[in-house]
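Colleague: These protein sequence lines are chains A and B, in that order.
Under the numbering used here, the first residue of the first sequence carries the number 902, and numbering increases by one thereafter.
Under the numbering used here, the first residue of the second sequence carries the number 782, and numbering increases by one thereafter.
Derived from the structure by calculation, the hints contain no laboratory data.
Fair warning: this is a prediction, and the values are worked out from it, not measured in the lab.
Any given hint could be a false lead.
Claimed, not checked - Partial list, computed: chain A residues near chain B (C-beta under 8 Å):
1) 941
2) 989
3) 999
4) 1011
5) 1084
6) 1132
7) 1171
Unchecked claim - The list that follows gives simulated cross-link-like pairs (lysine to any residue, SDA-like), each with its CA atoms no further than 25 Å apart:
8) A:1092 to B:1075
9) A:1169 to B:912
10) A:1184 to B:875
11) B:966 to A:995
12) A:1081 to B:890
13) A:1169 to B:1081
14) A:1169 to B:1020
15) A:1092 to B:1080
16) A:1081 to B:1081
17) B:913 to A:1165
18) B:1094 to A:993
19) A:1081 to B:1078
20) B:984 to A:1182
21) B:913 to A:1161
22) B:913 to A:1164
23) B:913 to A:1166
24) A:1081 to B:888
25) B:1094 to A:996
26) A:1184 to B:971
27) A:1169 to B:907
28) A:1169 to B:1014
29) B:966 to A:998
30) A:1169 to B:1080
31) A:1184 to B:873
32) B:966 to A:993
33) A:1169 to B:987
34) B:984 to A:1185
35) B:984 to A:1179
Ideal placement from N, C-alpha and C gives every residue a C-beta, glycine not left out.
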Amino acid sequence: MSLPGLSLLLQSIVSGILMGGVYSLTAIGLTLIFGVMRIINFAHGSFMMLGMFTTYWLFILLGFDPYLSLLISIPVLFVLGLLVERFLIAQVLNAPEHNQLLLTLGISLFIENLALFLWSPNFRTLDVSYLKKATMVGTVMISFPKVIAFLFAILLTGALSYFLKYTDLGKAIRASSEEKEGALTVGINLKRIYYVAFGIGTACVGAAGTLTATFFYVNPHVGGIFVITAFVVVVLGGMGNIIGALVGGIIIGLAESVAAAFMPGQLKQFVIYFIFILVLLFKPEGLFGRSREE
Amino acid sequence: MTKIIVTIAVGVFLLILPRFMGGYFLHLITMIFFFTYLGTAWNILGGYAGQFSFGHAAFFGVGAFTSTLLQIHLGVNPWIGMFLGGIVGLLLGLFIGSLTFRYGLRGPYFALAMLAVAEMLRLLAVEWMAVKYPLGITIPLKGDSLLAFQFTTKMPYYYITFAMMVISLYITRTIESRRMGSYFKAIRENENAADALGVNVFKYKLIAMAISAFLTATGGTFYAQYYLTIEEESSFGTSVSIEVLLGPIIGGAGTVFGPMVGAAILEFLSEGTRNFLGGYSGVHLMVYGAILVVVIIFLPNGILGGLQAAFRKLSKVW
Chain A
902 MSLPGLSLLL QSIVSGILMG GVYSLTAIGL TLIFGVMRII NFAHGSFMML
952 GMFTTYWLFI LLGFDPYLSL LISIPVLFVL GLLVERFLIA QVLNAPEHNQ
1002 LLLTLGISLF IENLALFLWS PNFRTLDVSY LKKATMVGTV MISFPKVIAF
1052 LFAILLTGAL SYFLKYTDLG KAIRASSEEK EGALTVGINL KRIYYVAFGI
1102 GTACVGAAGT LTATFFYVNP HVGGIFVITA FVVVVLGGMG NIIGALVGGI
1152 IIGLAESVAA AFMPGQLKQF VIYFIFILVL LFKPEGLFGR SREE
Chain B
782 MTKIIVTIAV GVFLLILPRF MGGYFLHLIT MIFFFTYLGT AWNILGGYAG
832 QFSFGHAAFF GVGAFTSTLL QIHLGVNPWI GMFLGGIVGL LLGLFIGSLT
882 FRYGLRGPYF ALAMLAVAEM LRLLAVEWMA VKYPLGITIP LKGDSLLAFQ
932 FTTKMPYYYI TFAMMVISLY ITRTIESRRM GSYFKAIREN ENAADALGVN
982 VFKYKLIAMA ISAFLTATGG TFYAQYYLTI EEESSFGTSV SIEVLLGPII
1032 GGAGTVFGPM VGAAILEFLS EGTRNFLGGY SGVHLMVYGA ILVVVIIFLP
1082 NGILGGLQAA FRKLSKVW
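Can you make the complete structure from the sequences, with help from the hints?
Modeller: Laid out in structure tokens, this is it:
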């Protein structure tokens, strides 16, 4: 391979891994919600969009630093998640799976088009000088906000894994996801576990929204771009597997950016869907999953 | 007997209705018929056989593109194109179905796989159109002609969608009254049990898929001939997949007239919101979302499903 070809490949590998971190970040909340509640949450992308707009408006109206707005977007989305679970999702936990899917679809249609009504379809970006920084390492350009997002994804995966493993609440969440009846028998309040888990999942994607807004445009439909990729990552990493989501995100980020180097336009997305279908068909338990005992 | 009389009366009423309506209402009712047709097509697979598709835009788009491209490049008559588009949709359905059903994709997994297929086709269409038809594909005008499937007034489209709707409802009715309908429902309610009882699950899922895909694809051709222009988003876009399934879900999936009830409610609502809050795009989708949430929580089997249950309760009380 010629030198420019090699540096192009290197560049796409680095960008791919970094973008993969962002995909992991969006997928972690989704996989947590699925793992605990067995719900495929179509509204996940809408929550992400709300996280992005929170950061955007805090910056525009109050001059908040984008990273500082994490302190607001995370709790705001956590509370919103609690409310949505408590008043809507909780009503269909025993309904057929497709009705759960349709409910979250309805929620996302509502939120996205409300945002469209309030904030117009305009594409907005955060105009902050330090966010546009990029460092050259040899011939490879590394964007500052993507590195931060990537590091945050690793941090979040670690924190969430620790939380699930070592805290009482985390243990209760794991118990409820693995053995519903058993959890009930030992006195775990499933209802409470569900809405806390949903809140945490939504808070995660709120953080993902804030961090993505630092380098990506913000508009009411932006969640749709990320949510389908997040589904792919979740399935690839094994539904409910948080570390799987981190690894799956990086794999998808890599596949996408390497495909983009060789294919025109949006066909890189095509590659992702293709991987998705292959995984669904041949390895639905995910790359690292045990096959589900049913 | 009363059923037949009511059916005939409603039929005659709908046939003479256009004489008393302006273009605006004609368009509205035409769209209700059209979405009833599409919803009915979806309902056969999603409502009766219980295979929830989130990607019916794949069939819709394939139908629209097949007939339009054949017409433009080879001069194929759009009516024949409609049939051929249906066949291409059917083959696509069999292909997807044989893969997904063979490997046992169920429930949300099947829904997501369908979504991915539709998105893949959309991306291919986007890339291909960007090179060949950056401004979308326009069907050349030929004036008023039944043969060319083009009209300068709305009325002929009204009658065409009316006929399509009646055919689709008749097909559903026929399926429901035959053994096939019971097989579909058995698969929907409990696939393993149906299999254990000797229903060829794979075969009947494929049949449901084939019928549904064929009808949806012919709907795509109608759409192309109605607007005389197609582009990738309104053919393969996720919003198409969503609008196709909303009608039957809200009206009552797995019932003959559910898609019609749903389509009527949704069309009137979307027109209403457009009149009150015109100028804001997407407001009708916000209303759709709210309706969907309310229906799923309070009427999980749709409006007709809810009514049926209520009647059953009432008749027990009496």
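Colleague: Determine for every hint whether it applies to the structure shown.
Modeller: We went through each hint and held it up to the structure:
For residue 941 of chain A, the suggested interface contact is upheld, since its CB lies about 5 Å from the closest CB of chain B, less than 8 Å. For residue 989 of chain A, the interface hint holds, the least distance from its beta-carbon to any beta-carbon of chain B being 6 Å, beneath 8 Å. For the restraint placing residue 999 of chain A at the interface with chain B, the shortest Cβ-Cβ distance is roughly 4 Å, inside the 8 Å limit, so the hint holds. Interface restraint check: residue 1011 of chain A against chain B, minimum CB-CB distance 3 Å, threshold 8 Å, status holds.
A cut of 8 Å between beta carbons decides the hint on residue 1084 of chain A: the least distance to chain B is about 23 Å, and the hint is violated. At its closest, the beta carbon of residue 1132 of chain A sits 6 Å from a beta carbon of chain B; the interface hint therefore holds under the 8 Å criterion. Here the hint on residue 1171 of chain A is kept, as its CB sits about 5 Å from the closest CB of chain B, short of 8 Å. Proximity of residue 1092 of chain A to residue 1075 of chain B is assessed by CA-CA distance (about 21 Å); at most 25 Å being required, the pair is judged to hold.
Between residue 1169 of chain A and residue 912 of chain B the alpha-carbon distance is near 17 Å, which keeps this suggested pair within the 25 Å criterion. A C-alpha spacing of about 22 Å is found between residue 1184 of chain A and residue 875 of chain B, which places the hinted pair at or below 25 Å, so the restraint holds. As the CA atoms of residue 966 of chain B and residue 995 of chain A are separated by approximately 20 Å, the hinted pair is consistent with the 25 Å bound. A C-alpha spacing of about 22 Å is found between residue 1081 of chain A and residue 890 of chain B, which places the hinted pair at or below 25 Å, so the restraint holds.
Under the criterion of a C-alpha separation no larger than 25 Å, the hint pairing residue 1169 of chain A with residue 1081 of chain B is inconsistent with the structure, at around 38 Å. Among the hinted pairs, residue 1169 of chain A with residue 1020 of chain B is consistent with the structure: their alpha-carbon atoms are about 22 Å apart, no more than 25 Å. Restraint check for residue 1092 of chain A and residue 1080 of chain B: the C-alpha separation of about 22 Å stays at or below 25 Å, so the hint holds. Taking the CA atoms of residue 1081 of chain A and residue 1081 of chain B, the gap is about 24 Å. The hint holds against a cut of 25 Å.
A hinted pair counts as satisfied when its Cα atoms are at most 25 Å apart, and residue 913 of chain B with residue 1165 of chain A qualifies at roughly 14 Å. Between residue 1094 of chain B and residue 993 of chain A the alpha-carbon distance is near 22 Å, which keeps this suggested pair within the 25 Å criterion. At most 25 Å may separate the alpha-carbon atoms for a hinted pair to count; residue 1081 of chain A and residue 1078 of chain B meet this at roughly 23 Å. At most 25 Å may separate the alpha-carbon atoms for a hinted pair to count; residue 984 of chain B and residue 1182 of chain A meet this at roughly 18 Å.
In summary, the hint linking residue 913 of chain B to residue 1161 of chain A is supported, as the alpha carbons are separated by about 21 Å, within the 25 Å threshold. Proximity of residue 913 of chain B to residue 1164 of chain A is assessed by CA-CA distance (about 17 Å); at most 25 Å being required, the pair is judged to hold. At roughly 14 Å between alpha-carbon atoms, residue 913 of chain B and residue 1166 of chain A fall within 25 Å of each other, so this suggested pair holds. Distance hint between residue 1081 of chain A and residue 888 of chain B is fulfilled; the C-alpha atoms sit about 21 Å from each other, no more than 25 Å.
For the hint linking residue 1094 of chain B to residue 996 of chain A, the alpha-carbon distance of about 20 Å falls within 25 Å, and the restraint holds. Between residue 1184 of chain A and residue 971 of chain B, the direct Cα distance comes to roughly 23 Å. Compliance with the 25 Å bound is thereby established for this hinted pair. As the CA atoms of residue 1169 of chain A and residue 907 of chain B are separated by approximately 13 Å, the hinted pair is consistent with the 25 Å bound. For the hint pairing residue 1169 of chain A with residue 1014 of chain B, the CA-to-CA distance comes to about 18 Å; that is within 25 Å, so the pair holds.
Between residue 966 of chain B and residue 998 of chain A the alpha-carbon distance is near 17 Å, which keeps this suggested pair within the 25 Å criterion. Our distance criterion of 25 Å between C-alpha atoms is broken by residue 1169 of chain A and residue 1080 of chain B, whose separation comes to about 41 Å. Restraint check: the Cα-Cα separation between residue 1184 of chain A and residue 873 of chain B comes to about 23 Å, which is no more than 25 Å; the hinted pair holds. Distance hint between residue 966 of chain B and residue 993 of chain A is fulfilled; the C-alpha atoms sit about 22 Å from each other, no more than 25 Å.
Of the pairs offered as hints, the one joining residue 1169 of chain A and residue 987 of chain B is violated, with about 31 Å between alpha carbons and a cut-off of 25 Å exceeded. At roughly 22 Å between alpha-carbon atoms, residue 984 of chain B and residue 1185 of chain A fall within 25 Å of each other, so this suggested pair holds. Of the pairs offered as hints, the one joining residue 984 of chain B and residue 1179 of chain A holds, with about 22 Å between alpha carbons and a cut-off of 25 Å not exceeded.
Consistency note: the structure conflicts with the earlier hints numbered 5, 13, 30 and 33.
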